[in-house]
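Required output: the full structure, derived from the provided sequences and hints.
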Amino acid sequence: MGIPRFSILATTEEAAPAKRAEDKVSDTFFQKLKGFSSDDLFEFLATSIGSLVLVILIVTSVVLTRGSLAVFGKFGFGFLTGTDWNTSLGSESYGALPYILGTLVTAGIAISVGILISLGIAIFLSEMAPSFLRSPLSQVIELLAAVPSVIYGFWGLFVFRFWVRDYLETPLSTYLGWIPAFHGTATGYDILTAGLVLSIMIIPTVSSVSKETMMAVPSSQREAAYSIGATRWEVVKLGVLRYGRSGIFGAAILGLGRAVGETMAVTMVIGGTPGPYVLPTSLLKGGVTLSSLIATEFGDATGLHLSALFGLGIVLFLFALVINIFARLMVWRVFKVTGGIVE
Amino acid sequence: MDKELKAENTKPILISRPVEPLKIQTDKLNAWFGNNHVLKDVSLRIKENHVTAIIGPSGCGKSTLIRCMNRMHELVPQAKVSGAVLLDDANVYAKGVDPVSVRRKIGMVFQKPNPFPTMSVYDNVAAGLKLNGERDHARLDRAVKRSLDLAFLWEEVKHELDKSGSSLSGGQQQRLCIARALAVEPEVLLMDEPCSALDPIATAKIEELITNLKDQYTVVIVTHNMQQAARVSDYTAFLYLGQLIEYGETTNLFENPTEELTERYLTGKFG
Ligand SMILES: Nc1ncnc2c1ncn2[C@@H]1O[C@H](COP(=O)(O)OP(=O)(O)OP(=O)(O)O)[C@@H](O)[C@H]1O
Ligand SMILES: [Mg+2]
Numbered sequence: 001m002g003i004p005r006f007s008i009l010a011t012t013e014e015a016a017p018a019k020r021a022e023d024k025v026s027d028t029f030f031q032k033l034k035g036f037s038s039d040d041l042f043e044f045l046a047t048s049i050g051s052l053v054l055v056i057l058i059v060t061s062v063v064l065t066r067g068s069l070a071v072f073g074k075f076g077f078g079f080l081t082g083t084d085w086n087t088s089l090g091s092e093s094y095g096a097l098p099y100i101l102g103t104l105v106t107a108g109i110a111i112s113v114g115i116l117i118s119l120g121i122a123i124f125l126s127e128m129a130p131s132f133l134r135s136p137l138s139q140v141i142e143l144l145a146a147v148p149s150v151i152y153g154f155w156g157l158f159v160f161r162f163w164v165r166d167y168l169e170t171p172l173s174t175y176l177g178w179i180p181a182f183h184g185t186a187t188g189y190d191i192l193t194a195g196l197v198l199s200i201m202i203i204p205t206v207s208s209v210s211k212e213t214m215m216a217v218p219s220s221q222r223e224a225a226y227s228i229g230a231t232r233w234e235v236v237k238l239g240v241l242r243y244g245r246s247g248i249f250g251a252a253i254l255g256l257g258r259a260v261g262e263t264m265a266v267t268m269v270i271g272g273t274p275g276p277y278v279l280p281t282s283l284l285k286g287g288v289t290l291s292s293l294i295a296t297e298f299g300d301a302t303g304l305h306l307s308a309l310f311g312l313g314i315v316l317f318l319f320a321l322v323i324n325i326f327a328r329l330m331v332w333r334v335f336k337v338t339g340g341i342v343e
Numbered sequence: 344m345d346k347e348l349k350a351e352n353t354k355p356i357l358i359s360r361p362v363e364p365l366k367i368q369t370d371k372l373n374a375w376f377g378n379n380h381v382l383k384d385v386s387l388r389i390k391e392n393h394v395t396a397i398i399g400p401s402g403c404g405k406s407t408l409i410r411c412m413n414r415m416h417e418l419v420p421q422a423k424v425s426g427a428v429l430l431d432d433a434n435v436y437a438k439g440v441d442p443v444s445v446r447r448k449i450g451m452v453f454q455k456p457n458p459f460p461t462m463s464v465y466d467n468v469a470a471g472l473k474l475n476g477e478r479d480h481a482r483l484d485r486a487v488k489r490s491l492d493l494a495f496l497w498e499e500v501k502h503e504l505d506k507s508g509s510s511l512s513g514g515q516q517q518r519l520c521i522a523r524a525l526a527v528e529p530e531v532l533l534m535d536e537p538c539s540a541l542d543p544i545a546t547a548k549i550e551e552l553i554t555n556l557k558d559q560y561t562v563v564i565v566t567h568n569m570q571q572a573a574r575v576s577d578y579t580a581f582l583y584l585g586q587l588i589e590y591g592e593t594t595n596l597f598e599n600p601t602e603e604l605t606e607r608y609l610t611g612k613f614g
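Chains as they are written, first to last, in the working numbering: chain X, 1 to 343; chain S, 344 to 614.
No lab work stands behind these hints, which were simulated from the structure alone. Quick caveat: nothing in here was measured; it's all calculated off a predicted structure. Quick reminder that beta carbons are idealized off the backbone N, C-alpha and C, glycines included. Among the hints, erroneous ones may be present.
What the hints assert, rightly or not - Over 12 Å on every C-beta distance to chain S, these chain X residues come out as not near it, computed from the model:
#1 113
#2 295
#3 314
#4 315
Said to hold, decoys possible - Below, simulated DSSO-like cross-link-like pairs (lysine-lysine); rule was C-alpha separation at most 27 Å, straight line:
#5 S:423 <-> S:473
#6 S:455 <-> S:548
#7 S:390 <-> X:237
#8 S:383 <-> S:371
#9 X:237 <-> S:557
#10 S:371 <-> X:237
#11 S:390 <-> S:506
#12 S:423 <-> S:455
#13 S:488 <-> S:501
#14 S:488 <-> S:473
#15 S:448 <-> S:423
#16 X:237 <-> S:455
#17 S:383 <-> S:548
#18 S:448 <-> X:237
#19 S:438 <-> S:383
Written out as structure tokens, the structure is:
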């Protein structure tokens with residue numbers, strides 16, 4: 001490698017002819033290197049990093065599958081529908097249903113409450129806020145996404161839980177207690193609180209993606225609505241929300257993805273212990289989610305118990321994967337399809 | 344329904360009257376974008392049941408002028424208006440007038456077709472009526488058919504009313520937008536270069552339907568195309584740098600312009 005380097009540096013007239021013959025090989029090597037532009041380098045780097053993500057994804061699924069073979073081998077499909085969770089050696093028995101449902105119910109609360117608040121924020125930011133307010137406000141809201149989830153957990157545990165208990169759950173259980181979903185005593189340490197904390201945590205994502213979607217709606221759509229006599233709210237409905245609906249839907253699903261996977265804050269406020277009792281039959285009951293169960297028991301699990309946690313992991317992984325792919329597809333559609341309008 | 348009856352009842356009276364009634368009058372209308380003064384003391388009298396063309400070089404304020412008539416101008420941040428626009432002698436800028444009600448009486452069609460792409464052809468046309476709270480299917484059906492008929496689109500789409508509004512051709516989309524505007528039964532239809540994105544055949548269709556519309560509506564059309572102004576309009580206004588330079592019957596204005604600026608514009612000396 002020393003010689004070719006020298007041949008580049010040797011620019012003097014007499015050195016060149018002598019070198020010519022023996023440097024044939026290294027010359028072509030250098031031409032190749034020169035032909036390898038920074039664009040190619042960038043493409044190479046980007047491709048390898050991109051494929052790395054894929055490799056990680058594949059490795060994760062392999063590890064999860066291998067880890068959960070034992071539990072699926074023993075209980076088969078029953079692992080997904082069972083409700084027992086007995087970790088004492090000899091009488092071990094594992095069923096994931098309460099935690100699958102716990103995850104779905106908390107995420108469901110999160111998304112239904114979160115989407116309403118987020119849409120309100122997004123509509124305000126994109127359609128109503130004066131432009132000098134828009135960018136600082138959006139930044140503050142996006143900053144909320146940077147708050148670590150354990151902080152949300154603390155806040156949920158020491159502050160928010162009592163608001164939920166006093167202002168929401170007490171009236172709910174007093175007046176609507178006859179509805180099974182509101183059975184139980186108001187403790188603020190339950191599925192409802194967990195769902196609501198989650199709903200706050202997904203607001204930054206859902207509202208900022210919705211806002212971007214709305215701002216991408218061409219103003220000709222708003223004018224179309226105005227011109228047939230729409231009021232301001234009707235313009236938002238007719239010209240903006242309808243046009244951007246798949247992007248907004250995508251934003252919601254993206255939030256759902258986060259809600260399904262979120263662990264720390266939920267673990268801190270959901271307040272249930274694994275077993276058939278935490279089947280989420282009422283919102284005022286303690287619950288357990290897939291991720292909170294994995295997080296609390298992973299430390300001292302071995303053998304079949306560990307395999308059961310892997311089994312929960314694979315269910316969670318599939319949920320998150322499907323939800324996210326779906327969401328990306330929806331969001332991507334908005335920015336691609338202009339609806340065939342002459343633009 | 345109501346409108347047709349009224350039109351029939353008033354016809355004999357119209358004939359006996361020497362002067363045709365005015366539909367829209369602008370009185371010393373001024374408009375700004377921020378500090379940019381784009382309309383200067385424009386006073387224009389638009390006759391009912393006629394087609395009025397507004398011509399002038401690019402940037403002279405044609406779009407701004409018609410957007411002031413249905414209070415769309417004020418939707419632009421920093422935009423200002425002064426002066427008056429009278430619709431049947433009532434100032435649309437008077438205190439307490441709801442711009443929404445003005446826009447229901449003065450419809451608008453834009454330069455680029457802008458149907459609602461996520462709605463069907465039917466829903467596009469019915470959108471305005473549904474805003475007004477119309478839920479009766481039979482009445483909606485009738486209004487949709489009537490509007491699409493007026494826009495010369497019914498025959499082409501009657502079997503595909505469920506198709507998306509954006510799946511139509513550009514010319515069909517523009518006629519769909521015309522139908523959408525007509526469905527709320529406005530009294531005036533403002534059109535801002537409605538054919539500039541269309542091919543000659545689509546343009547011819549729209550010109551024909553404009554001529555048809557004046558039995559029932561007052562039409563104001565902005566156009567860059569002199570031949571189009573000459574073909575479709577009864578009156579023409581020439582606007583230059585935000586000022587109304589000349590206004591009169593289209594044939595007069597085109598054949599014997601009184602202002603030198605108008606003549607120079609018509610003969611292609613500028614613009
Ligand atoms: N949204 C806007 N914001 C700021 N200025 C504007 C805006 N729209 C138009 N203007 C300015 O107002 C003036 C008149 O514009 P207008 O659109 O009314 O002209 P026009 O006669 O319709 O032109 P064209 O024939 O090109 O459509 C122009 O100088 C333009 O720069
Ligand atoms: Mg214009």
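When you check the alpha-carbon spacing of residue 390 of chain S and residue 237 of chain X, does it fall within 27 Å? violated (36 Å)
Restraint check for residue 448 of chain S with residue 423 of chain S, where alpha carbons must lie at most 27 Å apart: Since the Cα atoms of residue 448 of chain S and residue 423 of chain S sit roughly 22 Å apart, the hinted pair holds (cutoff 27 Å).
Holds or violated: are the alpha carbons of residue 448 of chain S and residue 237 of chain X at most 27 Å from each other? Judged against 27 Å, a Cα distance of about 21 Å means the pair holds.
Hey, residue 455 of chain S versus residue 548 of chain S, does the alpha-carbon distance stay inside 27 Å? holds (16 Å)
Check the hint pairing residue 390 of chain S with residue 506 of chain S against an upper bound of 27 Å on the C-alpha distance. violated (38 Å)
Are the Cα atoms of residue 488 of chain S and residue 501 of chain S separated by 27 Å or less? holds (8 Å)
Holds or violated: are the alpha carbons of residue 237 of chain X and residue 455 of chain S at most 27 Å from each other? OK: residue 237 of chain X and residue 455 of chain S at ~21 Å, within 27 Å.
According to the definition I'm using, a residue is off the interface if its beta carbon is farther than 12 Å from all beta carbons of the partner; does residue 315 of chain X meet that for chain S? holds (35 Å)
What's the verdict on residue 371 of chain S and residue 237 of chain X, does the C-alpha distance respect the 27 Å limit or exceed it? Cα-Cα ~36 Å, so violated.
Pair hint outcome, residue 383 of chain S versus residue 548 of chain S [Cα-Cα no greater than 27 Å]: The given pair, whose Cα atoms are some 35 Å apart, is violated under the 27 Å limit.
If I take the minimum Cβ distance from residue 113 of chain X to any residue of chain S, is it greater than 12 Å? holds (26 Å)
Proposed proximity, residue 371 of chain S with residue 383 of chain S (alpha carbon, max 27 Å): Status holds; Cα separation ~7 Å.
The structure fails hints 5, 7, 9, 10, 11 and 17 (numbered hints given earlier, in ascending order).
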